[in-house]
Amino acid sequence: MPNPPSATGMPAIPARKSGAEIYNSIMGAIEPELTTDQIPLMKEKYKDETPEQKKARGARYAKAMEEYEKRYATYLHEQDAKVRSFKIGAIHFVEDKAAESDQQKLLSIESSFNTH
Amino acid sequence: MMFHPAFKAEKEQRMVFMSPPLPAAAPGEGAAPAAEVTDKQKKEANEVMEALRSNPEAVAAVVEFKVEEADKDAKKFQEAFHSALEKAADALYKSLTEGTEDEKVKKVNDVFQAAKSPVSFKLEGGKLVVVAAEVPEETAKGKEKGRELTGDEKQMIEEAFSTEPKLKAAAERLMAGMAEDSPELEVAQGFFENFNAKTPAEKKAILTQAPAFQKFLKELPADQQKFVNQLRQTMVEVSNELTDDERAEKLDGARKWLLDKKFDASKASEIDKNLVLAQLQMRGIDTSNGEEILKDPSKMKVFEGTNVERGFNQIMGLLGYILLSIQKLKDAMHPGEKKGPDAPAGGKPGPEAASGAPGEPELKKQVKEKDMLRVRLERQNEIDQNKKLLDGDPAAADGSDTKIGLRGREVALTTKDAQLKAKSEQLDAQLKTINKASEPADYAAKEREIADIKTEREKIAVDLKGIQEQKTKVEARITQLTTETKSLEDIQKRTEALRQKIRDTQTEMKGALGAPPIADRAEAKAILAALQGIRLISPAQADEHFTVELWGDPDANVDMAKFNAGADAVKKLGGNSVAWDMEAGKTLKDPEAFDVSLRKALDTLKTKPAAAPAPAPAA
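Heads up: the sequence lines are chains B and V, in that order.
Note that this note's numbering has the first sequence beginning at 1, numbered continuously upward.
Note that this note's numbering has the second sequence beginning at 1, numbered continuously upward.
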């Protein structure tokens, strides 16, 4: 989604997310157990699992990682589009402002003509 | 970079290959879009998966790497935003011509503050750099915070959620955030459609069974997950069990409301019927037999279920009402573009469409420029006329005042006055030699002549004063007109220079944006193809030389045709082909040059336009 402009046209820079936030927001929707706050609990949680259970868990994690890769690639594309949109918005904003200030000066000169 | 810059151990190097490779981006460029995962990379990824399957505890290391990677990419994107902002502010700063440096910086900051942007700038090394913050994400998503609800909306929610104050508060928050075309609306609509696509049994399971809820959650995109998690939390807090009195109150209230509306279902449109049903749903009524209850309100019954189910049902009613209301408004404004809440959300315009109606701003600028030109011509004409007034008009009649101009007249009068003065002095001298008693006639004649000269000189003095005053005024007017005409020229030049600068930047950006991602470029593909099957082992593990090994199968041969194609691509991009001069399985002659050569080649790809296709040979 492109950065929404303010009422007067200047696009807003979104606040930077940390790597953990980005990772968790993607992985949380795939496999909540692999979010950064859940990983430290893993050892205790699975201390009594059987080899078969361990294997199943490993398969689950591997699949989750695959899905994460795909969604992360999509995330990067979206971020790229946001950057492009922001650049274009910023250019338009500056162009308008520069034209405004010149027009004001012109108006003030014209009005001084009209008084003579 | 293709290779991890620190050439880490084998396992981590596989991680790098597994991730879509991002060419090194200059600050301000942002990370390049991800390349497609190649077969080789898939193979490497599979090996990682195998490792995870046999040892799930290894996932901790993988996660750590992924978090680091995401952090680096986030930093690059943030740099890109800041860089774009700095360039924009710097362009504005350079367009200002009046004031000191500090005043100009202040003016730029004022412009951005007036635009409600929290960033500010300072001058560093002759250009503006960002010093202050970004917009918090919640504010960036929608600068208009929850709108004020209308009286009717408040009353509707009050009546529908009269027995559930927490649910009522959630409903008010939900409604306040749902402005037309707001991001929240899009998320809510997406969720609404996804949920309503489920069968009644599935919906019940989602609302009452944790595994079913989790499964449903995983199907949703991240923003909808957040939305529904927030909603669900509110439902859990609604802890009422429905009493018989409450059931009766709901039913009576809903029936009365519908009767008071005098709603004629036989004549109403589909959207109006659905709006009424949505409002009934908000009041806790089971609308699964919607058509029936619209015709006969006595057939209404209360929605039964757990507190979560009931609360959720009511909130879904509210969502449906909001979405339908907005759709009805849109349909009324654009009759040909009907899209209901059931339909997928319409495509958003691309970022390039953000600048408004093309043509009108340009037309305004053109008109203003014409005015400017007209004013300049008029003023120049006035300057010319005033100069003729001062210095004379050669086309005027000979001997006329117009021909010689004010300056000429001033000189002529001054000269004449000097002549008259000299003559008067001469006559004075002569008078002294005449005896008045013996030559009274001569004496009187001389006196009269002196008096005439005096009168004439006084007249000349008056004329001269008038001419000099007029001359001063005209000269001042010429100076003023000249200054102002020059200012207009300056404004036009500066505006044009800024426009050209912006056009150049746009062209540069379009070129950069239009260029295919590096990984798609033919030269990059050739290089990457050549590198398939080759990896470098870190110095810590290898001998004193870098040893090039073949990937996976030490006995396999490198595809030399591909390898040579890669070497050619590097050469064309200015890379050093010496480092590529090696044979499979042998020690790389110059590993540093190999790395430099590769980096240089990839850097050149970023700045060089894609090679034009070779012209077809002449027939």
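Among these hints, one or two may not hold up.
[Said to hold, decoys possible] Stretches of chain B that chain V covers, calculated by requiring three or more beta carbons in the stretch to come under 8 Å of a beta carbon on chain V:
#1 33 to 45
#2 78 to 86
#3 90 to 98
Keep in mind the hints are simulated off the structure, nothing from the lab.
These numbers were taken from a predicted model, which means no experiment stands behind them.
Beta carbons are placed, not taken as given, at the ideal position from N, Cα and C, and that holds for glycine.
Self-check item: Hints the structure fails to honour
Solution: When the structure is compared with the hints, none of them turns out to be violated.
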